[in-house]
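Chemist: Based on these hints, arrange chains E, V and D on the given structure of chain B.
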Amino acid sequence: MANDSEEKQLPVPPQAEKPAAAGTPSPSEAAGKPTVPAAPAKPPAAAPPKPPAPPPAPKEGPVPLDNDLVKRYRARFGEAIREAWVDRKQAILVVAPELLLEISMYTRDEEKFGLLTDQTAVDFPKREKRFDLVLNLYSFAKNERLRIKALVGDGEQVPSVQGVWPTANWLEREVYDMFGIVFGGHPNLKRLLLPEEWQGFPLRKDYDILQQDEAWVRENLGIESGQ
Amino acid sequence: MPSGANVETTVLGADEIILNMGPQHPSTHGVLRVKLRLDGEKVVGSECVIGYLHRGVEKIAEHRTYQQFAPYVDRMDYVAAVSNGLGYCEAVEKLLGVEAPPRARVIRTLLTELQRIASHVFWLGTHALDIGALTPLFYCLREREEILKIFEKYCGARLTTHAFRIGGLQYEAYDELEKDVERFCNDFGRRIDEYESLLTENRIWVGRTKGIGILNAADAIAMGVTGPVLRASGVEWDIRKAMPYAAYDQFDFSIPTRKNGDTYDRYLVRMEEMRQSLWICQQAIEKIPPGPIMGKVGKVLKPPPGEVYHSVEAPKGELGYYIVSDGTTQPYRVRIRPPSLINLEALDQMVRGHLVADVVAIIGTLDIVLGEVDR
Amino acid sequence: MNVHAIIEALAPYLLPLLFALVIVAVLPLVAGYIVLVERKVMADMQVRLGPMRVGPHGLLQPIADAVKLLIKEDIIPESADKFIFWGAPLISVTAAMLALSAVPIGPFFQIADLNIGLLFILGVSALGIFGIVLGGWASNSHYSLLGALRSAAQLVSYETSAGMAVVGALLFAGTLSTRGIVQAQSDHGVWFIFAAPIGFFIYLVASIAETNRAPFDMPEAESELVAGYMTEYSGFRWALYFLAEYTNMIVVSSIATTLFLGGWLRPFSGAPLFNFLDGLPPLLMLGIAGYCFYRAPKQPVKVQKMFMAAVGLLCGALALVLAAPLVAPADSIVASAKPGLHGAFWFLLKVSAYLYVFMWLRFTFPRYRFDQLMRLGWQFLLPLAIANVMGIGVGLALHRALGWGLVPSFLLTTVLTLGVAAWLLFVGEQHEPGRVGEEGETAGNA
Amino acid sequence: MLDQVLFYFFAGLAVLSAILVVTRRNVVQSAIFLATALLATAGIFLTLHAEFLFIVQIILYTGGITVLYVFVIMLVNLDVALHQVQFNRQWLVALLLTLVLGAQVVIALSLSRGSLYTQAPAPVQTLEPNTEQVAWSLFHTYMLPFELASILLLVAMIGAVVMSKKRV
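Chains as they are written, first to last, in the working numbering: chain B, 3 to 229; chain E, 387 to 761; chain V, 2 to 447; chain D, 2 to 169.
So here's chain B without its partners, still in its complex pose (with noise of 0.2 Å):
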C-alpha cells in the first residue's frame, strides 16, 4: 500500500518546480512593504540551513489591505493601526499595544467581533520589538475572522484585554507562560501550564527544545533531567 501511494507521488512535481511556475504576480508584494516587521525578520536562528537561497517570490503572501474595515480603524485610530494586510486571504491589523484595549473594546462593540477565538504570541529575536502578540477574532453577525496583531517589546507591558473577552483570562496566562509577556491589568498573572516555579520561558526561540529548568526537576522528580 505503502510503496504505491510513494509511486503515485512521484510523478507529482517538485516543490522547486511550482512556485516557478506561479511566482509572477507576488514579487512586488513581498518587497513592497518592507516595514511589515513579520516578513524581513524571517531568517531564524534554528531554521536549518536553506537548500535554494533565495526563496523565489511565494505564489501567497501578505499583500496589503485597504478595504472598508480597515478605513474604518483607520479612521476612528489613526496612526495607532500601524499596517492591514491580507495574507491567504485573511485579514490583519498591526495595532499600537499601548491601544490594544480601546481597540478591543471597539473591535467587540462596534465592529462584533464578539468571539475571541485564540490569543498567542510568536516571537523573533532578532527583531528591536520581538513579539507580535496575537489575537484571532470572530464576528457571528458578518461571519468573519480577524487578527488583531501587536508588536511587543521584551519587558513591555500589554494592556490585558480580559476585561474585553473574559476568555482572555488563561489564554493570556498561556502567553504570558510561554513568551513571558506582561499583561497589565490581568487579574490572576501566573503560569498556565507549566509549574509555578519554573524558570524560563519554553517558546522563545532561544529556549532550546532540549534546554528545560532541570534545578527544578531535580527538586520536584528527582532526577537529574528529563531529557
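Be aware that a few hints might be false.
Stated by the list, open to error - With a cut-off of at most 27 Å between alpha-carbon atoms, the simulated DSS-like pairs for lysine-lysine come out as follows:
#1 B:Lys131 <-> B:Lys192
#2 B:Lys73 <-> B:Lys114
#3 B:Lys192 <-> E:Lys445
#4 B:Lys114 <-> E:Lys627
Stated by the list, open to error - According to the in silico footprint, chain E covers these stretches of chain B (three or more CB under 8 Å from chain E):
#5 67 to 81
#6 84 to 92
#7 96 to 103
#8 149 to 163
#9 191 to 197
Derived from the structure by calculation, the hints contain no laboratory data. Bear in mind the structure is a predicted one, so any value in this text is a computation, not a measurement. All residues carry an ideal CB built from backbone N, CA and C; glycine is no exception.
Modeler: Chains E, V and D only, in chain B's frame:
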C-alpha cells in the same frame, strides 16, 4: 499510594473547606486538578490546575518539518485524532496554497464524521458513568469499537491514526469501506435510540442534569466556548456551516441547538449531532467521487512566508491552527487553539452554587480531553 | 458440679454456636461469590463476559481476590487515628454478622429465635453505621469524611422509612419473631407482598439506600468521592468493609424475604394442587449439574475440566439431598427433613432474587445526587410509609372489626395509598427547586 | 452460673467504659466508649430477659443518640479540644462532692434495706413476651400520659425546625 494523600486539608473558616479534586480522581478525565472551595458540599469557587500533561507540542513543531509534525497533533485530542489531523493538514494546505482533490476531501469528511461519532459516543459513556450509570459506557464502547475497526482497516491505526497527509490522503479507501460504514450506520441508527431510552426520559438522569451548569449564550460567547457547549446555549454556529471546509458544502445536515445551556441540553445536542454525523456519513458513502487522492504537493514542503489561521469543527469545539511560515521546511510557529482548554475555562462559572456531585457532571459535560488542554 | 452437668448446661448453646461458626466461616465465601455473580450479571447486561480467567467461567475468581486482598500491604495513613482506623471495619462487619443471627434460613436453620427478632435485626444492623462513620473520620481525608457524613445522614434518613415499611407488615403478623412472621403468612394464606405491595416497594427502596447501593451509593460514589469512607482503606481492612456491605445486603434481603415474600414458604404452599412445585428444587439442581457436565469437556485446561465436573457433582449431590425426602417413606427421618431442606432452598432462592433486583437496579440507573436522595427520603418515602401504615391499619380494622373480606379491604387501602403516592409525587414536582444546593436544610449540608 | 459470669462481664464493661468516657482526651474515642457502656447496659437488660428494653437501648441510645454525637463531633475541629486542658483545678471540690453524694446513696440504701424488692425473679418461661406487656401498658394503662408526652416531643421538634428555619 492512596489517593487521599493528594487531599490538602486546609481549614479556612468555620465551614469553608478546600477540596482538592484530582489530579488522581476517577472523574476528572485524566489529570485535571480542580481546587474547590466548599461550603459544606456547596461549591463557592473553583480553580483549575492544569499542565500535568504538557508536552510542549508547539515547541516541538518548530523543530520538525511540516510532515513530521503531522502525527504529533493526533496526540492532543487522542479521542478524536482524525479531526486533529484534518485541521492540521488543511491549515498547511492553505499555507501552501494547494487543495486536496475532491475524492480525498469526501473521504476526509467521512472519516472525520465517523470520528465525531466515536468521540461523542465515548463522551456519552464516560459522562453517564460520572453520573453513576455504569451500563451505557459499555454499549458506547462497543459502537466506538466498530468505528475504530474501520479506521484500522483504512490506515492501520486505531487511535492516533495519522489518517491524512498534507495535500490529500496517502491511502486509497479500502474496498469494503462503503459497506462497513453502511453497516455501522444502520446499526448505530437503531442503537442510539436505545441509549436515549436508557437516559433521556430517566427521572434520575433528568434530575441530575437539568438546570446544572447553566451557561447562557452571552456568557458562552464571552468565555470563548465553542462546539456543542455553545450550541446548547442557543448559538447556532458550526464551522462546518459557517466556513465550510473539506467537503461539508456538498452535504445536507442541520445544526442542532438548544436553549437552556444546561447539562441536559448539552447531552441532547450531542445526541442529535451524532444523528447528523450519521446522516453525513450516509450521504458521503453515496458520493465518493473518483479521481486522485493526492494533490500536487512536493516531497519537501516549503510554504511561502506568511501565516494562516485555519480551524475545523472538532467534536469538542473549534480546533484552530495558527501557523507562521518563514519559507523553510519547518514551521516558524504553530499555535493550536485547543477547544478543550477554552471550554474548560468556563468551568468556574458553571460550578458555582452547585454541589460536589454536580462538579463531576459539569466536567463531564464539557467533554474535555486533558491531552488537548495541556498539549 | 461434674462434667455431665456442665455439658447439660451448655447443650442448648451448642447448636446455635455451631450455626454461628458455620455462618462466620461460610459468609466470606458467600459474599465473594455474590460479588462474582454481580460481576457476571453486570457483564451480561453490558455485552461482555466478565471474569473468565480464574477457573472455568471465572468460578475461582473470588478465591483469587480473597488471597490477593489478604496478602496486600495494609496501609494505615500517617495522619489517621490508628486505633479507630484499625477498629472501624471490625465494628461494621460484626454488626452485620450479628444481625444475620436472627435470620431464619428455613424453619430449622436459625441461630436464635428471639421474640424481638425483627427489631433485633434492625437495631443491630444499624450499628454498622458506627464502623462507616468512624472509619471515614479516622482516615483524616476529606473524601472519607464527606463519604462518612453522607452515609450517616443517609442511613438515619432511610432507616425511618424502612422501619415504617416493616411496621406495616408487622401489623399483619402481630409478632416480632421472625419465625412467627412466616407462620402468620402461612396462616393468612397470603404473602404480605400481596397484601401490602406499597410497603414492599418502600422497603425495597429504603433497603437499597440503607445498604449504600446504587442508585443511592452516595457514600462511595466513585465518580465523586473516589471511594467515600473506604478511600484510605486497603487490603484486608478494605475487604472487611466489603464483607460488611455484602452481609448487609444479605440481611436486608432476608428481612424482605421473611416479611414480604413468605420466608421459607413454597409458592402456593397452602394449595395441594401445586404440590408438584416440590419437585422444582431437585430438578433445578439437576439442571445445573447437567449443564456443568455438558460444559466440562469444553474447558481448555484439564484442571478446569475437573473443577467444572466437581461443581457438577456437587450440584448433583445437592439434587439428591433435596430429592431424598420426597421419595422416602412418609414417616422416616429422611422425609421429616423436607421442611428444613426445602425451606432453606426456597428462602435462599428468594433472597437471591431480591439480590438480583439490587444488581439489576445498580446497572440500570444513574446515581442520585445527595440532596435529591434526601428529598426523596424525607419528602416522598417517609410520608408514603406513614400513609401505608395507616392504610394497613384501616384495612385490618375493616377486615377484623367489620368483617370485610381480606381482598376488598386491602384492594381499597392499596388504591388509597397509591393515591397518596401520586399526590406526593405531584407536590414534589411542584416544589422541586430548579437550581439545587440553595436550600441548606438537608442533613449533609450541616 | 453462666448468668452471673455474664452479669459481671457486662457490669464490669459498663463501669470501665464509663470511666474511659470521661478520662479519654480524644472525643471520638470517648464517644466509642460511651457506645460500649450503653451496649454493656443493654447486655445486662438481656440477662434479665428484658429483650424489649435491650433492643430499645441499642436502637435509641447506641444506634441513634451516640451516632448523632459522633456526627456532631466529626464536624467540630478536634485539634483545638485536644490541646486544651480538660481538667480544671477544682477536682478536689468535685471529689468531695462525689464522696458526699456516694455517702448519701449508701445511707439511703442501708436505711431502706428492708423495703427493697429482692426476691428471686420469676422463671423465664412464665413471663409473657415483654414487648406485648410494654405495649399494653403504654397504649392502655398509661394512654393519656403517653400521648401527652408524644405531643410535647412533637412540639419540641416543630419548635426546633422553626427556629433553625428562621436562621436561614
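Chemist: Could you run down the list of hints and mark each one as holding or not?
Modeler: Hints versus structure:
1. B:Lys131 <-> B:Lys192: 23 Å, holds
2. B:Lys73 <-> B:Lys114: Within the cut-off at roughly 16 Å; holds.
3. B:Lys192 <-> E:Lys445: At roughly 20 Å apart (the allowed maximum being 27 Å), Lys445 (chain E) and Lys192 (chain B) satisfy the hint.
4. B:Lys114 <-> E:Lys627: 20 Å, holds
5. 67 to 81: Since 0 is below three, the answer is violated.
6. 84 to 92: holds (count 3)
7. 96 to 103: violated (count 0)
8. 149 to 163: violated (count 1)
9. 191 to 197: Three-residue rule met by the stretch 191 to 197 of chain B, so holds; n is 5.
Of the numbered hints stated above, those contradicted by the structure are hints 5, 7, 8, listed in ascending order.
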